[in-house]
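Using the sequences and the hints given, assemble the complete structure.
2 protein chains.
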Amino acid sequence: MRRAIADGRLPVGSRLPATRVLAAELRVSRGVITEAYQRLTEDGQLAGRRRGGTVVVAAPVTAMAAATAGATGAVPSVHRAVTPFAAPPGPEIFDELRTAPARIDLSPGVPDLSAFPRASWLRAERAVLAGLASPELGYGDPRGTPALRLAVANWLARNRGIRADPDDVLIVSGTAQALGLIAQVLHRDGIREIAVEDPGSLGAQQHLRHWQQATPPVPVDEYGIRVDALRASGARAVLLTPAHQFPTGVVLDGARRRELMRWAADGGLIIEDDYDAEHRYDRAPAPALRSLLADQVCYAGSVSKLLAPALRVGWVLAPPHYRKALVDAKRFADLGNAALPQLVLARLMESGELERRLRLLRRRHRQRRDAMIAAIRDHLPGATVHGAAAGLHLTITFAPGACRGSDTDLAAAALARGVKVQPLSWHRQLPAAPGLVLGYAARTPGEIAEGVAVLGEALTGG
Amino acid sequence: MRRAIADGRLPVGSRLPATRVLAAELRVSRGVITEAYQRLTEDGQLAGRRRGGTVVVAAPVTAMAAATAGATGAVPSVHRAVTPFAAPPGPEIFDELRTAPARIDLSPGVPDLSAFPRASWLRAERAVLAGLASPELGYGDPRGTPALRLAVANWLARNRGIRADPDDVLIVSGTAQALGLIAQVLHRDGIREIAVEDPGSLGAQQHLRHWQQATPPVPVDEYGIRVDALRASGARAVLLTPAHQFPTGVVLDGARRRELMRWAADGGLIIEDDYDAEHRYDRAPAPALRSLLADQVCYAGSVSKLLAPALRVGWVLAPPHYRKALVDAKRFADLGNAALPQLVLARLMESGELERRLRLLRRRHRQRRDAMIAAIRDHLPGATVHGAAAGLHLTITFAPGACRGSDTDLAAAALARGVKVQPLSWHRQLPAAPGLVLGYAARTPGEIAEGVAVLGEALTGG
Numbered sequence: 001m002r003r004a005i006a007d008g009r010l011p012v013g014s015r016l017p018a019t020r021v022l023a024a025e026l027r028v029s030r031g032v033i034t035e036a037y038q039r040l041t042e043d044g045q046l047a048g049r050r051r052g053g054t055v056v057v058a059a060p061v062t063a064m065a066a067a068t069a070g071a072t073g074a075v076p077s078v079h080r081a082v083t084p085f086a087a088p089p090g091p092e093i094f095d096e097l098r099t100a101p102a103r104i105d106l107s108p109g110v111p112d113l114s115a116f117p118r119a120s121w122l123r124a125e126r127a128v129l130a131g132l133a134s135p136e137l138g139y140g141d142p143r144g145t146p147a148l149r150l151a152v153a154n155w156l157a158r159n160r161g162i163r164a165d166p167d168d169v170l171i172v173s174g175t176a177q178a179l180g181l182i183a184q185v186l187h188r189d190g191i192r193e194i195a196v197e198d199p200g201s202l203g204a205q206q207h208l209r210h211w212q213q214a215t216p217p218v219p220v221d222e223y224g225i226r227v228d229a230l231r232a233s234g235a236r237a238v239l240l241t242p243a244h245q246f247p248t249g250v251v252l253d254g255a256r257r258r259e260l261m262r263w264a265a266d267g268g269l270i271i272e273d274d275y276d277a278e279h280r281y282d283r284a285p286a287p288a289l290r291s292l293l294a295d296q297v298c299y300a301g302s303v304s305k306l307l308a309p310a311l312r313v314g315w316v317l318a319p320p321h322y323r324k325a326l327v328d329a330k331r332f333a334d335l336g337n338a339a340l341p342q343l344v345l346a347r348l349m350e351s352g353e354l355e356r357r358l359r360l361l362r363r364r365h366r367q368r369r370d371a372m373i374a375a376i377r378d379h380l381p382g383a384t385v386h387g388a389a390a391g392l393h394l395t396i397t398f399a400p401g402a403c404r405g406s407d408t409d410l411a412a413a414a415l416a417r418g419v420k421v422q423p424l425s426w427h428r429q430l431p432a433a434p435g436l437v438l439g440y441a442a443r444t445p446g447e448i449a450e451g452v453a454v455l456g457e458a459l460t461g462g
Numbered sequence: 001m002r003r004a005i006a007d008g009r010l011p012v013g014s015r016l017p018a019t020r021v022l023a024a025e026l027r028v029s030r031g032v033i034t035e036a037y038q039r040l041t042e043d044g045q046l047a048g049r050r051r052g053g054t055v056v057v058a059a060p061v062t063a064m065a066a067a068t069a070g071a072t073g074a075v076p077s078v079h080r081a082v083t084p085f086a087a088p089p090g091p092e093i094f095d096e097l098r099t100a101p102a103r104i105d106l107s108p109g110v111p112d113l114s115a116f117p118r119a120s121w122l123r124a125e126r127a128v129l130a131g132l133a134s135p136e137l138g139y140g141d142p143r144g145t146p147a148l149r150l151a152v153a154n155w156l157a158r159n160r161g162i163r164a165d166p167d168d169v170l171i172v173s174g175t176a177q178a179l180g181l182i183a184q185v186l187h188r189d190g191i192r193e194i195a196v197e198d199p200g201s202l203g204a205q206q207h208l209r210h211w212q213q214a215t216p217p218v219p220v221d222e223y224g225i226r227v228d229a230l231r232a233s234g235a236r237a238v239l240l241t242p243a244h245q246f247p248t249g250v251v252l253d254g255a256r257r258r259e260l261m262r263w264a265a266d267g268g269l270i271i272e273d274d275y276d277a278e279h280r281y282d283r284a285p286a287p288a289l290r291s292l293l294a295d296q297v298c299y300a301g302s303v304s305k306l307l308a309p310a311l312r313v314g315w316v317l318a319p320p321h322y323r324k325a326l327v328d329a330k331r332f333a334d335l336g337n338a339a340l341p342q343l344v345l346a347r348l349m350e351s352g353e354l355e356r357r358l359r360l361l362r363r364r365h366r367q368r369r370d371a372m373i374a375a376i377r378d379h380l381p382g383a384t385v386h387g388a389a390a391g392l393h394l395t396i397t398f399a400p401g402a403c404r405g406s407d408t409d410l411a412a413a414a415l416a417r418g419v420k421v422q423p424l425s426w427h428r429q430l431p432a433a434p435g436l437v438l439g440y441a442a443r444t445p446g447e448i449a450e451g452v453a454v455l456g457e458a459l460t461g462g
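Residue numbers (my numbering), protein chains in the order written: chain H, 1 to 462; chain W, 1 to 462.
Treat the hints as calculated values from the structure; they're not laboratory data.
Each hint should be verified, as a subset may be incorrect.
Example chain W residues on the side facing chain H (calculated, C-beta under 10 Å, incomplete) [stated by the list, open to error]: (1) Glu92; (2) Ala130; (3) Ser134; (4) Glu136; (5) Gly140; (6) Gln177; (7) Asp328.
In silico contact screen, one side only, chain W against chain H (beta carbon under 10 Å); selected entries [claimed, not checked]: (8) Asp105; (9) Asp112; (10) Ser114; (11) Arg118; (12) Leu129; (13) Gln206; (14) Leu307; (15) Pro309; (16) Arg331.
Each computed SDA-like pair below joins lysine to any residue, with the alpha-carbon atoms no more than 20 Å apart [said to hold, decoys possible]: (17) Lys420(W) <-> Ala133(H); (18) Lys324(W) <-> His210(H); (19) Lys324(H) <-> Arg188(H); (20) Lys324(H) <-> Thr99(W); (21) Lys324(H) <-> Pro88(W); (22) Lys324(W) <-> Asp141(W); (23) Lys420(W) <-> Ser134(H); (24) Lys324(H) <-> Gly90(W); (25) Lys324(W) <-> Pro88(H); (26) Lys420(W) <-> Gly138(H); (27) Lys420(H) <-> Ser114(H); (28) Lys324(W) <-> Arg209(H); (29) Lys324(H) <-> Gly203(W); (30) Lys324(W) <-> Ala87(H); (31) Lys420(H) <-> Asp409(H).
What you are looking at is a predicted structure, and each value in this text was computed from that prediction instead of being measured.
For glycine and all other residues, C-beta sits at the position ideal for the given N, C-alpha and C.
The structure is reproduced here in C-alpha cells:
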C-alpha cells in the first residue's frame with residue numbers, strides 16, 4: 001500500500017476500500033488491515049473521514065522525488081504527465097494521460113475492471129495447466145492456439161452473426177496490433193492511405209500513421225459515415241466502427257450500410273473495428289459488416305472491452321486475398337500470442353462464462369450510464385449527449401458560446417481539479433463544436449456524479 | 001487424448017506415459033487412465049507393447065481428413081508439412097517443420113518443457129490475482145509492468161553482470177519481437193543491413209530480412225565471429241550470440257571480445273542475443289557484452305529457453321540513443337505485453353524460483369547432452385561434435401565423403417524414419433561442410449539414443 005501511494009497508483013485524494021472488504025479480498029484478518037491503515041495514518045499518509053472512509057492525503061516526498069529522478073529523458077512520462085493538454089497530442093499522449101494523477105478518471109475505453117472474473121480466470125488456468133501437453137509450451141502456430149481460434153469462431157457465430165472457419169481466425173495482441181498488421185499488409189500491397197471516420201479514434205489514427213498510412217478524414221453524421229464523401233475521397237480502404245461509432249456512438253444506418261456495401265463491392269476494403277458491439281443496451285446489436293461481405297471486410301475484435309485491455313488478446317478475420325500476408329505479418333511481429341492466456345480465455349468463452357460476464361457488465365454499465373446522463377443534466381445543462389444507446393462512454397458537445405476556450409482547455413481545467421477526461425477535439429481532424437469524451441463504465445455512480453459536478457465547475461470557471 | 005491423436009499432437013508411433021504417471025499428473029485415479037487406454041486400444045488407436053509401453057498406432061481417418069480439408073490454400077501448413085526439406089526454407093519453414101509428424105523430435109531451441117513449473121506458476125498467478133489493483137487490468141505502460149522490469153533488472157544483475165535501471169528495461173514478446181523492433185528502429189535511422197554470424201540462426205535472419213534489413217554473413221571460427229571480416233564488411237550493426245554461438249556453440253574468446261569492443265567503440269552497434277547464456281555446464285558464463293559497453297550494445301534476452309517459448313516474454317536493453325524509438329516501436333506494435341503473465345513471471349524471478357528451476361534444468365539437460373554425445377559416438381562415428389559446453393543442442397558436421405548428398409537430404413531421410421532434425425545448411429549463407437543441429441534438452445535419454453540410432457541408419461541408407 002505504501003508503494004501504491006508512493007508511485008501514484010493510489011493518488012492523493014483516493015479513497016481506500018473498507019477494512020472488511022480489503023481483508024476479504026486479500027484473505028487476511030481484518031485486524032491486519034486495520035493496523036496497516038493505522039500505521040499509515042500515523043505516518044500522515046492516510047486520514048479517516050467520518051462518512052468518506054479512509055483517504056490518501058499525502059505521498060511520501062522521497063518516493064516522489066525518486067520516481068521523478070528515475071524517469072530518464074528518454075521516456076518523459078513523469079515530467080510531462082501533469083500537462084497532457086499543453087500541446088497537440090503526440091505518440092505518447094495516452095501514456096501521459098494515463099499516468100497523470102487524478103482523483104476520478106473518466107477516460108473512455110475501459111470496462112468495469114473491478115468486475116474482472118478473477119476466480120473464474122484462476123479456475124480455468126488451473127484446468128489448463130493440468131491438461132496441457134508439454135509441446136503446447138513450445139513454439140506454436142503463429143495464428144494462435146486451435147482451442148482459442150475455435151472458441152472465437154463460435155463466439156462470433158453466436159454473438160455477431162459471422163460464420164468463420166477456425167482456420168481463418170488470427171489471434172493477435174488486441175485491436176492495436178490488428179491495425180498495425182493490417183496497415184503493414186496493405187502498405188506492401190501498394191495502399192498508402194486508409195480513410196477514417198471524423199470524429200474518430202485518435203489512437204487508431206496514430207497507429208495507422210505509424211505504419212505509414214495516411215488517414216484522410218470522412219465526416220460522420222447521425223446515420224454514420226458519409227459514404228458519398230468516402231467515395232469522393234478516392235481512398236481504397238476505410239477503417240470503420242459501424243456497431244457503435246467512436247466517439248459519437250452512432251450506429252451505421254440501414255441505407256448507409258447498403259451504400260457502403262456497394263462501395264466495397266466496387267473494390268473498396270473495409271476494416272471493421274467491431275468496437276463496443278457487445279455493449280448495446282436497448283436491443284441486439286446490428287450484425288457485423290463482415291457477415292455481409294466477407295471478401296471485402298477485414299474484421300477485428302478484442303476482449304479489451306469484454307474483460308480487460310491488459311489481456312492484450314484480439315482477433316482478425318482477413319479477406320481471403322490478405323490471409324496469408326497477415327499470418328506472415330503476425331509471425332514476424334512476435335511468432336504468435338502467448339499460449340496460456342489463450343487457452344484460459346478459450347475455456348471462459350466455451351463454457352459460457354464470458355457471456356454471463358457480459359450480461360452482468362451490461363446491467364452495471366447501464367446504471368452507470370444513467371448516473372452520468374443524470375449528472376450531465378444537473379451540472380452541464382448546456383451540453384448535448386451523444387451515443388447513449390451502447391458502449392462504455394458518452395460524448396458531449398457544447399452549443400456555440402457554452403464553452404469558453406477550447407475543449408482541451410476545459411479538459412486541462414478538469415484535470416487541475418482532479419478529474420480526467422478526453423477532449424473531443426483530440427479525435428477530430430475536421431473543425432467542429434468542442435466537446436468531451438466521458439467514460440463511465442469503470443467508475444461507480446458516486447464517482448460519476450462527483451466527476452461530472454467538477455466538470456460543471458471547470459466549465460463555468462467556478 | 002482422442003483429440004490429441006486426431007490432430008497429430010500424439011502422432012502415430014508416439015509412446016504414452018505410464019498409467020501411473022499420467023494419473024498422478026492429471027490427479028485422477030489410475031483406474032480412469034487405464035480405462036481410457038483400454039477404450040482407445042479397443043478402437044484400434046493404441047496398442048500395448050511389452051517393454052515399449054503403450055503406443056499410438058492409428059489416428060482416426062475422419063479427423064485427419066477434416067484437418068486436411070480445413071487447411072485453406074492460404075496457410076499450407078498441413079499440405080506441405082510432410083516435406084519441409086523439399087525446397088529452400090521459406091518464411092513458413094519453422095511452422096512446416098513443427099507440424100511435420102515425427103516419432104522423435106530433435107529440433108533445437110526448446111528446453112525440457114515437461115519440467116515447466118506448473119504448480120509454482122499457478123500459485124504465483126493466484127497471488128497476483130489476489131493482490132492486483134483494478135487499474136492494472138487496464139491499458140498499461142508499453143515498456144511493461146514495473147514489477148517485471150524491476151525483476152528483470154535484478155535478474156540481469158545477479159546472472160549476467162549487467163547493471164540496468166528498471167526504467168530502461170523494455171519487456172517484449174520474446175527475442176523474435178525484439179529483433180523486429182530493433183530492425184525497424186535501425187531502418188528508420190538509415191541502417192539497412194545488419195551483419196550476422198555464419199553459420200547463424202536462420203530464424204533470426206528471416207526476421208531481420210522481413211523488416212527490410214540485409215543480413216551479410218560474417219564467418220565464425222573456433223574463437224567466435226571474425227571481427228576482421230566484420231570490419232571489412234562495412235556493416236554498421238551486427239547481430240551476435242556471444243555467450244553460446246548458434247548453432248556452433250562457440251563462446252566468444254577474450255581477444256575477440258576486445259577486438260569487437262574496439263569495433264563498437266569506433267561506432268559499430270552490437271545486437272547481443274544473449275542466447276543460452278544461462279545453460280552453461282562447465283563454468284559460469286562469460287559476462288554479457290552489454291556489461292562492458294552499454295552505449296553500443298542493444299541487449300536481448302527471453303524466458304523461452306529458461307521456462308517455455310509459449311510464454312512469449314523477453315526483454316531488451318537499448319543503447320540510450322535508441323531507447324525512446326524502441327519504446328515507440330513497442331507501443332505501435334501492440335501497446336505492450338499482457339499484464340498477468342508479466343506479474344506472475346516477476347514473482348517467480350524475485351522469489352528465486354526461476355534460479356532453482358534453472359539449476360534443476362541444467363542437471364537434467366547435462367544428462368541428456370551426455371546421452372546424445374554417447375549415442376553419436378555409437379551411431380555416427382564419422383561426425384564431429386560442436387558446442388557441447390553449453391546450451392540445449394549439439395551441432396555435428398561430417399567429414400568430406402561421410403555424408404552422401406546434402407544435409408537436407410539426410411534430414412529428409414531421418415524424417416521419413418520418424419526423427420526430426422534441422423540441417424546445418426539452413427543456418428549457413430556461406431558454403432561449408434554438411435551437418436545437423438540436434439536438440440537434446442526436450443527429449444529423454446532413451447528417445448535421444450533411439451533418435452540418433454535412426455540418424456545413423458539414415459546416413460548409411462540402411
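Against the structure, the hints:
no.	hint	in the structure
1	Glu92	holds (8 Å)
2	Ala130	holds (6 Å)
3	Ser134	holds (4 Å)
4	Glu136	holds (6 Å)
5	Gly140	holds (6 Å)
6	Gln177	holds (4 Å)
7	Asp328	holds (6 Å)
8	Asp105	holds (8 Å)
9	Asp112	holds (8 Å)
10	Ser114	holds (5 Å)
11	Arg118	holds (4 Å)
12	Leu129	holds (4 Å)
13	Gln206	holds (8 Å)
14	Leu307	holds (8 Å)
15	Pro309	holds (5 Å)
16	Arg331	holds (7 Å)
17	Lys420(W) <-> Ala133(H)	holds (19 Å)
18	Lys324(W) <-> His210(H)	holds (14 Å)
19	Lys324(H) <-> Arg188(H)	holds (13 Å)
20	Lys324(H) <-> Thr99(W)	holds (17 Å)
21	Lys324(H) <-> Pro88(W)	holds (19 Å)
22	Lys324(W) <-> Asp141(W)	holds (13 Å)
23	Lys420(W) <-> Ser134(H)	holds (17 Å)
24	Lys324(H) <-> Gly90(W)	holds (13 Å)
25	Lys324(W) <-> Pro88(H)	holds (19 Å)
26	Lys420(W) <-> Gly138(H)	holds (15 Å)
27	Lys420(H) <-> Ser114(H)	holds (19 Å)
28	Lys324(W) <-> Arg209(H)	holds (18 Å)
29	Lys324(H) <-> Gly203(W)	holds (19 Å)
30	Lys324(W) <-> Ala87(H)	holds (19 Å)
31	Lys420(H) <-> Asp409(H)	holds (12 Å)
Hint compliance for this structure: every hint is met.
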